[in-house]
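Novice: Sequence:
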Amino acid sequence: MGFRIHFKEAVFDWSVNKLKLGKLEEVDIRELWKHEQYDFPEWLSKEEYIEMLSDEIGLTLTEINCWFLPL
0 MGFRIHFKEA
10 VFDWSVNKLK
20 LGKLEEVDIR
30 ELWKHEQYDF
40 PEWLSKEEYI
50 EMLSDEIGLT
60 LTEINCWFLP
70 L
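Those letters in the sequence shown? Residues 0 to 70, by numbering that gives the first Met the number 0.
No lab work stands behind these hints, which were simulated from the structure alone. These figures come from a predicted structure and were not determined experimentally. Where a beta carbon is used, it is the ideal one built from N, C-alpha and C, also for glycine. Don't take each hint at face value.
[Claimed, not checked] Cβ pair distances, simulated, as ranges: (1) Val26 to Glu47: 15 to 21 Å; (2) Glu30 to Trp66: 30 to 36 Å; (3) Asn64 to Glu25: 32 to 38 Å; (4) Lys33 to Thr59: 25 to 31 Å; (5) Asp27 to Thr59: 25 to 31 Å; (6) Asp27 to Asn64: 31 to 37 Å; (7) Trp66 to Val26: 32 to 38 Å.
[Stated by the list, open to error] Straight-line alpha carbon distances no greater than 20 Å define the calculated EDC-like cross-link-like pairs of lysine to aspartate or glutamate that follow: (8) Lys45 to Glu35; (9) Lys45 to Glu55; (10) Lys45 to Glu62.
Using the sequences and the hints, build the whole thing.
Specialist: And the structure:
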């Protein structure tokens, strides 16, 4: 299982210096990435998600550029 945050509900009110958070909802990971091969790598390609995943699992993840070299 994973979690989804409804970000549209997260608002920072500068006038009173308060953060209103969105609702956290437990969801099936397969609902988020119906086709892991296509959906997950695109999600993971965003730096903020790599950092979030690193923090969650307690490992340092670093993006490495790779090129396909035909033999």
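Novice: At the C-beta level, are Asn64 and Glu25 separated by a distance inside 32 to 38 Å?
Specialist: Given a distance of about 35 Å, which is inside 32 to 38 Å, the answer is holds.
Novice: For the pair supplied as a hint, Lys45 and Glu62, confirm whether the alpha-carbon distance does not exceed 20 Å.
Specialist: Status holds; Cα separation ~10 Å.
Novice: Holds or violated: Lys45 and Glu55, Cα atoms, limit 20 Å.
Specialist: Roughly 16 Å between the alpha carbons, so the hint for Lys45 and Glu55 holds.
Novice: Using the C-beta atoms of Lys33 and Thr59, is the stated range 25 to 31 Å upheld?
Specialist: Check passed, 29 Å falls within 25 to 31 Å.
Novice: Does Glu35 sit within 20 Å of Lys45, going by the straight-line distance between their CA atoms?
Specialist: 16 Å, holds
Novice: Is it true that Asp27 and Thr59 lie within 25 to 31 Å of each other by Cβ?
Specialist: The hinted range 25 to 31 Å holds for Asp27 and Thr59, with Cβ atoms some 28 Å apart.
Novice: Confirm or reject the claim that Trp66 and Val26 have a C-beta distance inside 32 to 38 Å.
Specialist: Between Trp66 and Val26, where Cβ atoms are some 35 Å apart, the hint holds.
Novice: Does the Cβ-Cβ separation between Glu30 and Trp66 fall within 30 to 36 Å?
Specialist: Given range 30 to 36 Å: holds, Cβ gap about 33 Å.
Novice: Is 31 to 37 Å right for how far apart the beta carbons of Asp27 and Asn64 are?
Specialist: 32 Å, holds
Novice: Look at the Cβ atoms of Val26 and Glu47 and judge whether their distance stays inside 15 to 21 Å.
Specialist: Distance hint for Val26, Glu47 holds at roughly 19 Å.
The earlier numbered hints are all upheld by this structure, with none contradicted.
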